[in-house]
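Peer 1: Residue numbers (this note's numbering), protein chains in the order written: chain F, 1 to 321; chain Z, 1001 to 1337.
No lab work stands behind these hints: they were computed from the structure.
Where is the CB? At the ideal position from N, CA and C, for every residue including glycine.
Wrong hints could be hidden among the right ones.
As the list claims (entries may be wrong) - Quick list of the computed label-pair ranges, beta carbon to beta carbon:
id : chain 1 : residue 1 : chain 2 : residue 2 : range
1  : F       : Val317    : Z       : Ile1068   : 38 to 48 Å
2  : F       : Lys303    : Z       : Asp1021   : 41 to 51 Å
3  : Z       : His1041   : F       : Asp57     : 30 to 40 Å
4  : Z       : Ile1068   : F       : Ala261    : 42 to 52 Å
Residues per chain are reported as follows:
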Amino acid sequence: MQLSREDLLKAYRRMVMIREFEEAVHEEFSAGSIPGFVHLYAGEEASGVGVCMHLNDNDYIASTHRGHGHCLAKDCDEHAMMLEIFGKKDGLCGGKGGSMHIADLSKGMMGANGIVGGGPPLICGAALTAKTLKNGGVAVAFVGDGASNQGTVFESYNLAKVWNLPAIFVVEDNGYAEATSSKYSVAGSQVNRGKAFDIPAVEVDGSDFFAVWEAAREAVERARNGGGPSLIHSRVLRYYGHFEGDAMTYRPADEVANYRANKDPLMLFRRRVTEAGLLEGSALDEIDRSVKDRIAQCVVQAKSAPEPTEADLLTDVYISY
Amino acid sequence: MAKKSYRQAISEALTQEMERDPTIVIMGEDIAGGAGGDGEHDAWGGPLGVTKGLYTKFGPDRVLDTPITESGFIGAAVGAAASGLRPVAELMFVDFMGVCFDQIFNQAAKFKYMFGGKAKTPVVIRTMYGAGFRAASQHSQCLYNMFTHIPGLKVALPSNPYEAKGLLIQAIRDDDPVIFFEHKAMYDMEGEVPDETYAIPFGQANVTREGDDATIIAFGRMVNFANTVADKLSKDGISCTVVDPRTTSPLDTETILETAAETGRVVVVDEAHPRCNMATDISALICQEAFDKLKAPIKMVTAPHAPVPFSAALEDLYIPSMDKIEAAVRSVTGKSH
Chain F
1 MQLSREDLLK AYRRMVMIRE FEEAVHEEFS AGSIPGFVHL YAGEEASGVG
51 VCMHLNDNDY IASTHRGHGH CLAKDCDEHA MMLEIFGKKD GLCGGKGGSM
101 HIADLSKGMM GANGIVGGGP PLICGAALTA KTLKNGGVAV AFVGDGASNQ
151 GTVFESYNLA KVWNLPAIFV VEDNGYAEAT SSKYSVAGSQ VNRGKAFDIP
201 AVEVDGSDFF AVWEAAREAV ERARNGGGPS LIHSRVLRYY GHFEGDAMTY
251 RPADEVANYR ANKDPLMLFR RRVTEAGLLE GSALDEIDRS VKDRIAQCVV
301 QAKSAPEPTE ADLLTDVYIS Y
Chain Z
1001 MAKKSYRQAI SEALTQEMER DPTIVIMGED IAGGAGGDGE HDAWGGPLGV
1051 TKGLYTKFGP DRVLDTPITE SGFIGAAVGA AASGLRPVAE LMFVDFMGVC
1101 FDQIFNQAAK FKYMFGGKAK TPVVIRTMYG AGFRAASQHS QCLYNMFTHI
1151 PGLKVALPSN PYEAKGLLIQ AIRDDDPVIF FEHKAMYDME GEVPDETYAI
1201 PFGQANVTRE GDDATIIAFG RMVNFANTVA DKLSKDGISC TVVDPRTTSP
1251 LDTETILETA AETGRVVVVD EAHPRCNMAT DISALICQEA FDKLKAPIKM
1301 VTAPHAPVPF SAALEDLYIP SMDKIEAAVR SVTGKSH
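Isolated chain F (complex conformation):
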């Protein structure tokens, strides 16, 4: 299977959307316009998009603290997302979730998660739904290298294998669990952890869209064909801190600058498709421009959008009471 021109444009657009979205959130958070905690996905775009290009609205994903990118990769609406992150009434979750709980079940996005390792059991459930209803769906749990040490993750590997679920675990290893290096905190290797459960597991360069896309293609195909769970260890690069405001004293001073100059996933994608003559630079430039404008517009609108009111405080606690 090959990526069509249309697919390539879509993938690039989604990656640029994530980058511009996160750069805008970074700027607005620094300026004090965004409340709470935000955790940015900038630098990791190829990982989420490479996986989600294989998914449709019928497939579920569960995300992490760092959820904006997964939302956008799963086609959630960027305008409603920006409003949500600003805490506005018309945000994707009515301003009640915010950055750490951003979700849209109609798009199969089961939420960013404020609990490290909270998502994988839920994804076993979504995969069980797909298997029970025989609707051909698959479910993907994104976990960070920090979450990869949580018991819930191992329980989910086991359950997914025991029940032969159409589940995919994508360990996005950006090298740091908050501030602690994964070289220190992770015993063994992610791939061997998968193999211990007889789950097919591969390691990919998560900055390389095509590598992720190919690994995810195999995993999704296996899941859709009843072949059970897979694990992808995606090595990614985090451009900002664990949270916005993190001084990143634990990282070498030039680490991020090196990544941006030499390993940037958008740059790698552009180089690959233009050198291979798959897309012309002008088409990519046009996406850069239109996405930048779109995000700028989202920020302006989010700033002036109405706040939720007291009438919203107690709604949505129960379906019925």
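Put chain Z on the given structure of chain F with help from the hints.
Peer 2: Below, chain Z alone, put in the same frame as chain F:
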């Protein structure tokens, strides 16, 4: 009407609902009677004996044995509920909430609110609670108060077989997460249970006795203790109202306040520890809303602030007894022996 046990009533509710709705799946440890072994399948009915026969009737796709990984499978039940199934998960002992609580209170309970009203999580977690089995500190607790504290969760405490069937059917049909508490000392209790399906609405208390002298508000197994005490005291000329709230969340505050005001003398019976439990909660409610109707201080009959002991001699002292309930009623009414 046929007499059935609490266990049969629960099993019947599961069976009839699973026949009605193919999206209901059940999961839990050993509920298929031991999957994967070479012995007889489905002969045991799981540790609670409730699910016997369901594996044979509904097959392995709808009756799922789980590994002993409560976070994993309770979380899977929650995720399945959020994506289109109606799972009923069995958490063998509520004491095991310690190894899966995140999936219940941070995930299931909050989806609807956090996601702006656009999620529904129709999961039921059936769980066994309560002392009296010499099961000691980690298999005997009454932790319904901890779930009641969390907005987004509903909590049901059936006090007899009729209540068990009707409340479980409601729990399964409910679109919110429900924690369904089955007292381990009640599985063999018999009572009249209709063969047909019926749902008992949540948040509507059942007044099991009506009287003029005192109001006893009790939960789960304690409702039966309160009924027995009320019957005994009526022979001594003390007539009691007994209220079974049925669910602690939602809580029928209206019936509680009305019946408390009618007699002005209140005893609240709760098998849980005494701090931050239903007894303290209801006492506070009555003090706040009906203080002027009270003729005597409210009495609370609860377990002590100690883990559940193993020794029979100690456990019998631990559980709120009918003697203690009787003494409390006599105290608030001023009518001692």
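Peer 1: Which hint numbers doesn't this structure obey?
Peer 2: 1
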